[in-house]
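Below are the chains, spelled out letter by letter.
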Amino acid sequence: MKISARNQFKGRATVLHIGQVNADVSIDIGGGDRITALITSKSLEDLGIRDGVDAYALVKASSVMVMTADTPLRLSARNQLRGIVVKCQKGTVNSEVAIQLAGGETMTAIITNESMDALELSEGAEAIAVFKSTSVILGVTL
Amino acid sequence: MKISARNQFKGRATVLHIGQVNADVSIDIGGGDRITALITSKSLEDLGIRDGVDAYALVKASSVMVMTADTPLRLSARNQLRGIVVKCQKGTVNSEVAIQLAGGETMTAIITNESMDALELSEGAEAIAVFKSTSVILGVTL
Amino acid sequence: MKISARNQFKGRATVLHIGQVNADVSIDIGGGDRITALITSKSLEDLGIRDGVDAYALVKASSVMVMTADTPLRLSARNQLRGIVVKCQKGTVNSEVAIQLAGGETMTAIITNESMDALELSEGAEAIAVFKSTSVILGVTL
Chain Y
22 MKISARNQFK GRATVLHIGQ VNADVSIDIG GGDRITALIT SKSLEDLGIR DGVDAYALVK
82 ASSVMVMTAD TPLRLSARNQ LRGIVVKCQK GTVNSEVAIQ LAGGETMTAI ITNESMDALE
142 LSEGAEAIAV FKSTSVILGV TL
Chain S
22 MKISARNQFK GRATVLHIGQ VNADVSIDIG GGDRITALIT SKSLEDLGIR DGVDAYALVK
82 ASSVMVMTAD TPLRLSARNQ LRGIVVKCQK GTVNSEVAIQ LAGGETMTAI ITNESMDALE
142 LSEGAEAIAV FKSTSVILGV TL
Chain U
22 MKISARNQFK GRATVLHIGQ VNADVSIDIG GGDRITALIT SKSLEDLGIR DGVDAYALVK
82 ASSVMVMTAD TPLRLSARNQ LRGIVVKCQK GTVNSEVAIQ LAGGETMTAI ITNESMDALE
142 LSEGAEAIAV FKSTSVILGV TL
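So the protein lines, in turn, are chains Y, S and U. Just so you know, we're using the numbering used here here: the first sequence kicks off at 22 and counts up by one. Just so you know, we're using the numbering used here here: the second sequence kicks off at 22 and counts up by one. Just so you know, we're using the numbering used here here: the third sequence kicks off at 22 and counts up by one.
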């Protein structure tokens with residue numbers, strides 16, 4: 022697929038809720054992990070998304086936060102995927118962190134260098150990728 | 022205008038839908054392109070946005086994805102603007118891509134270097150700027 | 022707290038509105054400033070957020086725009102926090118801007134270098150941090 026979202030996960034859709042305006046859809050990406058997306062009910066219909074359909078969940082790396090596994094915090098974000106840090110790369114302002122999930126997929130986050138330092142992340146550490154369902158775009162192949 | 026959103030498009034508003042909480046507004050930015058924004062109904066009222074009013078659609082470059090023109094994918098994102106790549110600039114972690122739209126305006130996206138490489142973008146290629154209506158802020162001049 | 026959101030503000034919550042799907046919550050971060058978050062009503066319930074509860078408002082630096090204080094523009098974004106620029110740091114593609122708010126807290130924004138140049142920001146200048154309520158994640162300690 023040729024779209025710039027660094028995080029592209031394919032999986033089976035489950036429609037959780039269809040409201041008048043918005044719909045909640047969850048995508049099973051394997052390893053026990055699910056990504057929840059909030060899209061418009063019209064898009065749901067246009068894309069033909071219903072239970073059991075294969076769809077892509079797309080998430081920009083800049084929409085993803087990283088939380089260390091021992092943080093005593095409960096968050097409103099509906100996507101919180103636990104995994105192992107497999108890459109930490111610093112740039113001049115931003116850093117890139119890759120977290121391998123249970124199903125083998127890797128989630129990439131772009132965070133600031135200061136956050137990178139504050140988190141004391143290193144390869145092999147456990148961490149949680151956090152993002153809102155509003156940050157997820159769904160795609161289906163033609 | 023002195024606001025840091027790299028993408029600032031002025032155009033005529035059309036109010037598509039006013040819900041109890043949220044409203045959908047489309048801005049005609051010329052060249053046949055429209056930008057759809059999801060804002061709160063209260064903001065709509067406060068800003069005095071109604072059909073025919075001039076408004077600015079503001080979109081951060083980091084909220085924009087880039088898709089190559091031949092990608093066989095249908096997306097839930099309501100904004101998908103087709104154009105020609107006029108700039109590809111790589112940084113240490115992130116790259117900047119500028120896409121010129123039909124009306125002459127340029128849309129800028131910040132994507133990761135790895136996405137840049139994967140897309141094989143080059144100046145002159147056709148590409149699509151993709152972003153959610155929730156990523157758009159509307160502005161009106163005082 | 023060990024989460025990569027550059028902007029983490031602790032304060033007392035006020036629940037503004039609970040809808041069938043979404044809820045509006047405002048966090049008093051001191052100095053007369055409030056951060057409004059749009060979260061799902063289910064998250065509100067799960068986190069036990071109600072009037073008077075202490076909560077964290079988390080905002081990624083990449084979700085924040087910067088507006089100069091004299092910009093004659095009214096915006097749909099519900100969070101517009103005024104302060105003094107205390108840091109401007111340029112990278113190769115992105116720049117980091119820190120704005121000190123009335124209550125002493127600092128809000129960090131990542132903007133593109135070209136926006137940085139266009140805004141002519143400098144330390145000591147007045148500026149406004151702008152972000153949508155959908156960009157805010159709320160957290161409560163366990």
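Some hints could be false.
Note that the list lumps identical chains together, so a pair holds whenever it fits in one copy or between two copies.
Claimed, not checked - Restricting the straight-line Cα-Cα distance to at most 20 Å, the calculated cross-link-like pairs of lysine to aspartate or glutamate (EDC-like) are:
no. : residue 1 : residue 2
1   : 108       : 141
2   : 63        : 144
3   : 23        : 141
4   : 111       : 135
5   : 23        : 91
6   : 108       : 72
7   : 63        : 141
8   : 108       : 45
What the hints contain is simulated information worked out from the structure, not anything from laboratory work. Computed from a predicted model, the values in this text were never measured in an experiment.
(message) My question is about residue 23 and residue 91: at a cut-off of 20 Å on alpha-carbon distance, are they close within one copy, between copies, both, or neither?
(response) between (36 Å within a copy, 8 Å between copies)
(request) With 20 Å as the alpha-carbon cut-off, assign the pair residue 23 and residue 141 to within, between, both or neither. (result) Cα proximity of residue 23 and residue 141: across copies only (9 Å, versus 33 Å in one copy).
(message) Within a copy, between copies, both or neither: which one fits residue 108 and residue 45 at a CA-CA cutoff of 20 Å?
(response) neither (31 Å within a copy, 36 Å between copies)
(request) If the cutoff is 20 Å on CA atoms, where do residue 108 and residue 72 land: within, between, both or neither? Let me know, please. (result) So residue 108 and residue 72 fail the 20 Å test inside a copy (34 Å) and across (41 Å) alike.
(message) At most 20 Å between CA atoms: does that hold for residue 63 and residue 144 within a copy, between copies, both, or neither?
(response) neither (42 Å within a copy, 34 Å between copies)
(message) As a check of your reading, is residue 111 near residue 135 (CA-CA no more than 20 Å) within one copy, between copies, both or neither?
(response) Both, since 10 Å and 14 Å are each at most 20 Å.
(message) When Cα atoms must be at most 20 Å apart, do residue 63 and residue 141 count as within-copy, between-copy, both, or neither?
(response) Neither way: residue 63 and residue 141 sit 43 Å apart in one copy and 32 Å across, limit 20 Å.
(message) Treating 20 Å as the Cα threshold, decide for residue 108 and residue 141: within, between, both or neither.
(response) This pair counts as within: shortest intra-copy Cα distance 13 Å, inter-copy 23 Å.
Hint compliance for this structure: hints 2, 6, 7 and 8 are broken, all remaining hints hold.
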